[in-house]
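S.K.: Given these sequences and hints, build the entire structure.
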Amino acid sequence: MTGGLFMALLAAVLSVTWPHVPTIPLFIMAVIFNVGFSLFFFPFSKTIWAAIDYALHPLEPDEVEESYELVHLREQMLVKHGDADQRDID
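Counting in UniProt numbering, the sequence shown runs from 1 upward without gaps.
Hints should not be assumed to be uniformly reliable.
[What the hints assert, rightly or not] Pairwise CB distance ranges (calculated):
1) L9 / F44: 39 to 45 Å
2) D62 / V35: 37 to 43 Å
3) L26 / P58: 53 to 59 Å
4) Y54 / M1: 16 to 22 Å
5) T23 / P61: 55 to 61 Å
6) E63 / P19: 36 to 42 Å
7) H57 / A12: 20 to 26 Å
8) I24 / L59: 48 to 54 Å
9) L70 / V21: 20 to 26 Å
10) P61 / I24: 53 to 59 Å
11) I24 / E63: 35 to 41 Å
12) S38 / T17: 44 to 50 Å
13) A50 / L10: 55 to 61 Å
Please keep in mind that the hints were generated in silico from the structure rather than gathered at the bench.
These figures come from a predicted structure and were not determined experimentally.
For each residue, glycine too, the CB sits at the ideal point set by N, CA and C.
M.R.: This is the structure:
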């Protein structure tokens with residue numbers, strides 16, 4: 001995403017300043033832009049790629065069982081401590 005935005009911005013700057021392109025300010029702007037937008041878009045990019053990964057590689061049965069065991073243990077603890085009504089709230 002950052003690369004596409006940078007290429008669009010670079011094309012716009014080059015088309016406006018073509019005969020005399022300011023290389024040093026353009027380089028500084030490129031570094032700041034790429035670092036800033038990479039940090040800004042990281043959470044969104046990570047979420048999108050994780051969703052694609054889960055769609056292409058679904059969880060295996062042994063990976064899902066661990067969470068069911070934790071839910072079962074939690075229910076046992078709630079019943080043991082007399083907080084069985086908490087299950088309905090969660």
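S.K.: Next step is simple, just say for each hint if it's right about the structure.
M.R.: Structure-based check of each hint:
1. L9 / F44: 39 to 45 Å: violated (19 Å)
2. D62 / V35: 37 to 43 Å: Between D62 and V35, where Cβ atoms are some 40 Å apart, the hint holds.
3. L26 / P58: 53 to 59 Å: Check failed, 45 Å falls outside 53 to 59 Å.
4. Y54 / M1: 16 to 22 Å: This hint holds: roughly 20 Å between Cβ atoms.
5. T23 / P61: 55 to 61 Å: holds (57 Å)
6. E63 / P19: 36 to 42 Å: 59 Å Cβ-Cβ, so the 36 to 42 Å window is violated.
7. H57 / A12: 20 to 26 Å: Given a distance of about 39 Å, which is not inside 20 to 26 Å, the answer is violated.
8. I24 / L59: 48 to 54 Å: holds (50 Å)
9. L70 / V21: 20 to 26 Å: The hint (20 to 26 Å, Cβ to Cβ) is violated, given that L70 and V21 are roughly 59 Å apart.
10. P61 / I24: 53 to 59 Å: holds (58 Å)
11. I24 / E63: 35 to 41 Å: violated (51 Å)
12. S38 / T17: 44 to 50 Å: violated (25 Å)
13. A50 / L10: 55 to 61 Å: With a Cβ separation near 29 Å, A50 and L10 fall outside 55 to 61 Å, so the hint is violated.
Taken one by one, the earlier hints fail for this structure at numbers 1, 3, 6, 7, 9, 11, 12 and 13, listed in ascending order.
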